[in-house]
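S.K.: Each protein sequence line maps, in turn, to chains A and B.
Position one of the first sequence corresponds to residue 10 (our numbering), numbered consecutively onward.
Position one of the second sequence corresponds to residue 825 (our numbering), numbered consecutively onward.
In short, the hints are calculated from the structure, not lab data.
There could be a bad hint or two in this list.
Only pairs whose alpha carbons sit at most 20 Å apart, straight line, appear in this in silico EDC-like list of lysine to aspartate or glutamate [as the list claims (entries may be wrong)]:
1) LYS880/B / GLU866/B
2) LYS50/A / GLU866/B
3) LYS884/B / ASP908/B
4) LYS918/B / ASP97/A
5) LYS50/A / GLU832/B
6) LYS50/A / ASP908/B
7) LYS918/B / GLU893/B
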Amino acid sequence: GAVVSQHPSRVICKSGTSVKIECRSLDFQATTMFWYRQFPKQSLMLMATSNEGSKATYEQGVEKDKFLINHASLTLSTLTVTSAHPEDSSFYICSANPPGQGNTEAFFGQGTRLTVV
Amino acid sequence: GNSVTQMEGPVTLSEEAFLTINCTYTATGYPSLFWYVQYPGEGLQLLLKATKADDKGSNKGFEATYRKETTSFHLEKGSVQVSDSAVYFCALRKNTGNQFYFGTGTSLTVIP
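Required output: the full structure, derived from the provided sequences and hints.
M.R.: Here it is in structure tokens:
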């Protein structure tokens with residue numbers, strides 16, 4: 010199946026710093042990627058839809074200036090958590106779908122465990 | 825709107841017990857339905873899926889049938905193993921677009 014790679018898998022940062030998370034589709038081109046956030050013992054909540062060559066679409070309640078998304082190529086989307094705070098500590102996961110395959114499943118990255126101290 | 829309601833956990837079963845995790849959905853149109861599994865420390869992996877009413881998805885001994893009349897997609901396994909311990913997510917995907925909607929997840933622990 011298609012492969013989506015996410016990096017890093019774990020990151021610890023100091024409060025006030027910024028962290029960049031990368032999501033790559035390794036064997037297909039993705040015009041759209043999705044970023045989710047998962048709090049402990051809760052489901053994945055869609056944060057934003059990353060669109061290649063245009064602005065991301067953010068879900069209600071997600072601060073676009075805090076969670077910067079860049080989808081500069083058909084195989085790479087990045088999520089930057091700016092001025093991170095402890096409440097931003099969470100599991101972030103991206104997904105993408107190979108194009109032209111109708112109702113196929115989403116392929117997920119391995120996720121990034123962010124801890125802000 | 826679109827949403828998924830999933831049986832709350834955690835669920836603890838003995839090895840070889842029968843498993844059912846309930847999942848119901850609300851959706852406009854005819855979505856595709858999925859079960860994803862998340863093992864400790866890992867991302868989500870597709871377990872099975874069904875794309876239309878009455879379809880049955882199956883994989884690794886797990887099964888789920890797309891029931892349009894009851895808007896359900898319950899996950900079942902006849903005999904669970906310790907290695908099945910994980911968090912299971914029910915999800916739907918609209919026929920238009922690529923957005924998924926997830927349930928809250930059900931944590932399963934299987935004890936020897």
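S.K.: All hints are to be evaluated individually against the structure, with a verdict given for each.
M.R.: Against the structure, the hints:
At roughly 26 Å between alpha-carbon atoms, LYS880/B and GLU866/B are farther apart than 20 Å, so this suggested pair is violated. With a C-alpha separation of about 14 Å, the suggested pairing of LYS50/A with GLU866/B holds against the 20 Å cut-off. Restraint check for LYS884/B and ASP908/B: satisfied, since their Cα atoms lie roughly 10 Å apart, inside the 20 Å limit. A C-alpha spacing of about 29 Å is found between LYS918/B and ASP97/A, which places the hinted pair above 20 Å, so the restraint is violated.
Straight-line distance between C-alpha atoms of LYS50/A and GLU832/B comes to about 10 Å, which keeps the hinted pair within the 20 Å bound. Between the alpha carbons of LYS50/A and ASP908/B the distance comes to roughly 18 Å, so the proposed pair stays at or under 20 Å and holds. For the hint linking LYS918/B to GLU893/B, the alpha-carbon distance of about 18 Å falls within 20 Å, and the restraint holds.
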